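Asks: Sequence order for the protein chains is A and B. Using the numbering used here, read the first sequence as starting at 66 and increasing by one per residue. Using the numbering used here, read the second sequence as starting at 1427 and increasing by one per residue.
Some hints could be false.
[What the hints assert, rightly or not] Lysine-lysine pairs mimicking DSS-like chemistry, simulated, CA-CA at most 27 angstroms apart:
| id | chain 1 | residue 1 | chain 2 | residue 2 |
| --- | --- | --- | --- | --- |
| 1 | A | K702 | B | K1439 |
| 2 | A | K881 | B | K1439 |
| 3 | A | K345 | B | K1439 |
| 4 | B | K1439 | A | K450 |
| 5 | A | K450 | A | K523 |
| 6 | A | K723 | B | K1439 |
| 7 | A | K890 | A | K939 |
| 8 | A | K938 | A | K893 |
| 9 | B | K1439 | A | K878 |
| 10 | A | K417 | A | K644 |
[Stated by the list, open to error] Covered stretches of chain A (in silico footprint by chain B; criterion: 3 or more residues with CB under 8 angstroms from a CB of chain B, positions within the stretch not fixed):
| id | segment |
| --- | --- |
| 11 | 179-186 |
| 12 | 454-465 |
| 13 | 567-578 |
| 14 | 717-726 |
| 15 | 771-777 |
| 16 | 802-809 |
| 17 | 822-835 |
Please keep in mind that the hints were generated in silico from the structure rather than gathered at the bench. None of the values given here were measured: they were computed from a predicted structure. Just so it is clear, CB atoms sit at the ideal spot from N, CA and C, and this is done for glycine as well.
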Amino acid sequence: MAIKGLMVAGQVASSKGFWLVDYDNEAFTLTLNTSYAGKTPLSSQGDAVCAGPSGTSFVASEDVVTCLNTDWTVNTDWATSGVYTVSGRTITYLVYDSVNEQVLICSNHATGITVVDAVTGVKAFDYTSCDYLSKPGRVPWLNAAGTEAVISTTPGGGSYHGLYRFDMSDGTQTATLKYAINQMHLRPTINAAEDTLWSTILNAGSYDLYEFTHPAYGYVSTVQTSGGNVIESVLSADETMLFTVATTDVGAYDNLTKIRVSDNAVMATYDCGQNTNIIKKLNDGSLLVTSTTAGADEDGDTQNIRIFNENLVKLAGVYTGDLGGTTQLIDIAESTYVPPTNVTPGEGIYSKKLVAACRNRIWYGTTPADMAELTAAADEIDLTKLFGMAEAYGKVFVANGTVRKVADFTNDKLTTSDIAGGVGIPLHDDVVTGGSSGAQMIIDLITSSTSTCTVYGKRITTAEFTNGETVTGTNADGDAVSFVIATPVANPHWYDWIPYANDAATYGSLPTNTAKVFVSQGRVGLTLDNLYPHQWYLSRQSNPWDWVYGADDTQSAVAGNNTDAGEVGDVIVDAFPYKDVYTVFGNASSFWYMTGNPCQGGLIQELDITAGLLGIGAWCWDDADNLYAVTTKGLVKYLSGFTGQENLTHMKYPDFVKDIAFDRATQRMTLSYDRDNNGIIISVTTLDGGVNTNWWYDLTSQGLFPESYPTTASIYCSEYFNADAAADRTLVFGGQDGNLREFLPTAKSDDDGAADVAIDSYVTFAPIPLSQSPREDGSLSQIDIITGGDNDGGTNDSDALTMTVFGERTAEKVIKSAVNNTGAKLTKVISGAGVQRGSVEKRRVRGRYGAIKLRNTTLAQSWALENINFIIKKAGKVR
Amino acid sequence: MAELLFPHGGYHKGAAASTQPQNTSPDLNNVRPLDNLDDRYRGGQRPGLDRWSTVDLSEGFGSPVVALTTVTVVEVV
């Protein structure tokens, strides 16, 4: 349905203003929108509305022109803040010059016309030659080229009356015709190429536009314009037809007349039954007509805005009560305003921030480049002690021994000194409203229950709270809330994690010495309590400020431990949730998990009593809900739904845990699921110095691959940052040197903070049996290494590899030789990518077992392997 | 002519040296099955560990980043 807006300007003694009317030009229905009634007083002297560029409209208000945007708001792009003032004059008419993008402001003053830039509102010039445009001087006309304009002045004689033509570039008068003019209209060209001006002089007449001479012919009808009534509006219906609108008192005269230009024949009439002022041709070809009072028309309807077809058959009408009275409607402008019914809002309603803890400070940022310090947090945490943080409700909750803090990235901060004590304090989740601003917020936390208080809350309006206003609401107990605020402070904020209103008697107390924060089913949890290491604590659901355990409802705060009845629970190493299903407690020698609401039938069950979690962060989840943990018995995969477990290192690397020799006091272990490359990075980093041992567990091939990083780049922590921008999304690692890093596919070296360093990469193919008999040797020859790439200089071309070949009598010895790089039988550089001439090694290596080691240790180089081809031949008895 | 492919099964030292399982290796470092030159499962050097942000959170003091998390902020529109 095509809906457009009409701006109807009226002038009523008690309520001057303009009105907006929506109309469906397919169904010809009109709907009055009175939102703007009476808000902009209009000139009492004449027409004062015109449509401007790009859907803007101009409305005159006595001696001020206001520029309105397509949404009917003031266009502040205008140089004078959306208004242009012509001091001491009454504006009678506005004309938009689309060629020059100017507005002609006509007034009843010696400075008859002021020409203003329609886009900026800056005045171009005044036209003064025509003297007064006395009441109701009106209807300027512009030629098609926009170079000349003609204005007409009032009927009734006088020295100032007539037609005036002037140059649009500087306002110079170029011609005059001294007649009393009421209306003028450009007649359509019907024969010669003459450009003729239709003008009405009391009744009607025709004049050449440029010469202002020889009336060619005139239309005079006493029916339409007798009795001193004047023609108010003239309009071309098409090239051969003309409509006139005349004012009459009652139904004695027809208001609308359709006239054939060639012979002045009357083709159709309509009696509106009242004074009729303006006729406009709408884009769909229909006619819009306004009247003043609501006299009955030919159809018996009392309306003052009507739509007709070209045969003067009424299609629709609406009566605007606001336009009643005896004064005239002034003008109608059809706006290009299009209601935003098909505008789909953007999806940018949230943003992700990465939050990091480093050197006793908190950092945050939405992109890599904008990582900034939360300065209020500086030195308020002590990172020489255990530290934990977790996100909930747009905030980051911090536990650092006896320090508990909140980094708040979502709330507004209001300060007040008159919080009422007792009843009437704002409660968590109350909605309060600013008395002046209209801004609203959902209360999150207040720091005191009386007098001076800081109020944190999530603002839910675009309107913002203002200094000095009174904020009111009704709290959850039904009591009125009211307090006056000082200047609001935008987030982020940094403050103590306290019970609500800092009222321990009502809202309980947080545990005093913990180092781990986790979130479970809307509860914010704490654990790693130095005095009660088996204990975990969970806040009230959806309220991290309520720590009253055992309240009589299912959302109550709750505390517990993980054990069979009658026993003290195992020491908790880490606690971590998964979705809203599980909270897993990795303990020193066991795993437990909680399902459901602990205050409503939730269960705590054993997951594994044969292994414990090695360290904080020694776990991760994959995208199939499987849990991976480095335990006291190896790398274990706990299957989705905890239906079973699989020890991933038991067969491949029985000494995995023994060789790692993880020491919780001096080392940190981190497991990181890499969703982009489908694998898990297991990092063991020595806290002092950053010496590291790492493994890539490939979930596709289920293989374990050792890795080593520069000590400065060793991994202390990780987070998959699902950033707003796709280019910034990656698995981010916190490094030993304070830098944030990622595995970058295009990077062929590691960053150690100061410079790039080479990656020592190698793989050994061993042992390769060369003989079927324990007493006979074989030989390895014609070794051909095919590396990745097609040697065209592309980015996917492998760099050179060094091939070392070993041959020994036992498998174990050939492996040892390869591992230690001792006893190599031959070495060759495989240069270039793909198949290379001369890359086949023809020398032979003798032994019962062989090994081929490929290696690259060069800065800014990388490689890939297609395959290795070789020939094995008998070489005779073992000597 | 014999052919060897990259040991996708990764590191393995759980069997007798003479019965090293196929597609495994007793000696490798900084290699992964998915090569980073052309994203093919054919084996190659791992990707480099590079800066995600040029901002040094330790401000030159060389202190480690000890914790990371993500916070989601809903905008008022």
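Asks: Which numbered hints does this structure break?
Replies: Failing hints, ascending: 3, 4, 5, 11 and 13.
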